[in-house]
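Sequences and hints are given; from them, build the entire structure.
Residue numbers (the numbering used here), protein chains in the order written: chain A, 1 to 213; chain B, 1 to 334.
These are calculated hints, taken from the structure and not from any lab test.
No experiment lies behind these values; they were computed from the predicted model shown.
No false leads were mixed into what you were given.
No farther apart than 27 Å at their CA atoms in a straight line, the calculated lysine-lysine pairs in the DSSO-like style are these:
id: 1; chain 1: A; residue 1: Lys100; chain 2: A; residue 2: Lys53
id: 2; chain 1: B; residue 1: Lys127; chain 2: A; residue 2: Lys72
id: 3; chain 1: B; residue 1: Lys92; chain 2: B; residue 2: Lys44
id: 4; chain 1: A; residue 1: Lys53; chain 2: B; residue 2: Lys92
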Amino acid sequence: METISIEKAKEMLIYVADKIIENKPYLTEIDSAIGDGDHGIGMAGGMQKAKTKLEGQASFDSVYDVFATAGKAMLMSMGGASGVIFGSLYLAGAKGMEPKTELTAGDLAAMERKSLEAIKERGKASVGDKTMVDALEPAVEAMEASSEKGLLEMLKEAEKAAYQGVENTKNQLAKYGRAKSLLERAIGHQDAGATSVAIIFRSMREFVEKEEA
Amino acid sequence: MSKKIINDAEQVVSEMMEGYVKAYEKYYEKHPEVNGVLLKERRKGKVSLVVGGGSGHEPLFSGFVGKGLADAAACGNIFASPDPNTIYETAKAVEDGHGVLFVYGNYAGDNLNFDMGEEILNDDGIKTAHVRVWDDCASAPAERTSDRRGIAGDVFVMKIAGAACDSGADLEEVKRITEKARDQLRTIGVATSPGMIPGLEKPTFELGEKEIEYGMGLHGEPGIQRTTMKPADELTETLFTNLLKDMPLEAGEEVCVLVNGLGSTTILELAIVYRKLRELLDEKGVRVYDSDLNSFCTCQEMGGFSITIMKVDPELKKYYDMPCYCPYYSKEAR
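This is the structure we're talking about:
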């Protein structure tokens, strides 16, 4: 699989949504340790909305439209900081792009870079703040460094970097959310938002791997 | 296991909205698509005031929809900001051609979602402005005012904003007056026990049996000092002293005061606090223009209280004195 077509993008994002929904109890457990405990519920709800929206739309003009549609469905339904942030993960990078019917590995990396910058701008978070940016930024950097190797290799690198980012959040003090109030008590616990990012990249890799098998 | 009176944890917000709007159907209707509480009889020809935030802090925010107050409230899930679509649709339903002023507490999630809601309204050609309430002076130092959280001071800011809108002032003027109210007030509180997140069986923070925390946020955000429980007079004096460090009060100045219970603290207790607070204000020669003792800004069954003081000048008094009515808050014309 060298590129992602409109149809495959739709299937991939539905696959990702199913994986997040499947991980709702796991995300709830992680978030309950240091957060409000509602991250899993919020993400699963948003992903369900994205899935329903994608399944309900028969045709898209551009691969970017697929991402934008999923992102908008999340952004417009979830609420809380994670609604805007995770909605932007799909929407911000896809918005305003020249329509394409096939995305290369490089296109996907460029789209995620644009999303990352928008998320950092809106959320005012940087690497080290114990947020989803700790997984997303290294994943985007890994994608940019490996996009020449093809889609699957690139997503493998992104997944690895995202999971390393999740590991890093265990040693960080939180700058946002309820975990912030726990100060050093949040040490040892991973960030739920970063975990969601890692699950998203892992699911994308799994999807592409299955397609190639 | 907490004995919270709910059915299904995932339905608490929608069931609460349904009951709330039905109970006050004389005044309210629910937006047909989103969790927005709309005032039925709205004054025409004015800027629309839309407030909002996470649910679980009732009567804030939906309880401040009323005549001379907010035209609508956009309500999120428990302790989570409403999404941009809820904000957009709620505002759109009450907008009357004169623009929309949003008033909400200064939290990351609210700022993100309300900003996006405004962007969509602007795309529709609707003028918008916002005033973020950042009254909790224990939540960040004075040089980082805009990092402070919004708590019970929301009540006075919504009161003034509602009156300013009612007066027929344009959006820019309404925003100026509302910001003035926001900048003339400070709040500081003390927590004695946590609230429980409905359905999660989980306290919003942990506090020892005999411990209290000054300056703790509504969702358990860290305060400035944790200590053992003290008598009401001492708690009040400590809070007042800390508030004065941030907003000094001179003899002859006039203030409006709100002693706000955080959920499980009783009016009896709030009145005992007020008694001491009034004594301290009187000693300083500060004149009290009006006061309220109530639990307006709560976090479920959280224990404790906050003190809000708003300095008022003739302009703010003019708006404070305009009548307003909603089931949870009302003022006669003065």
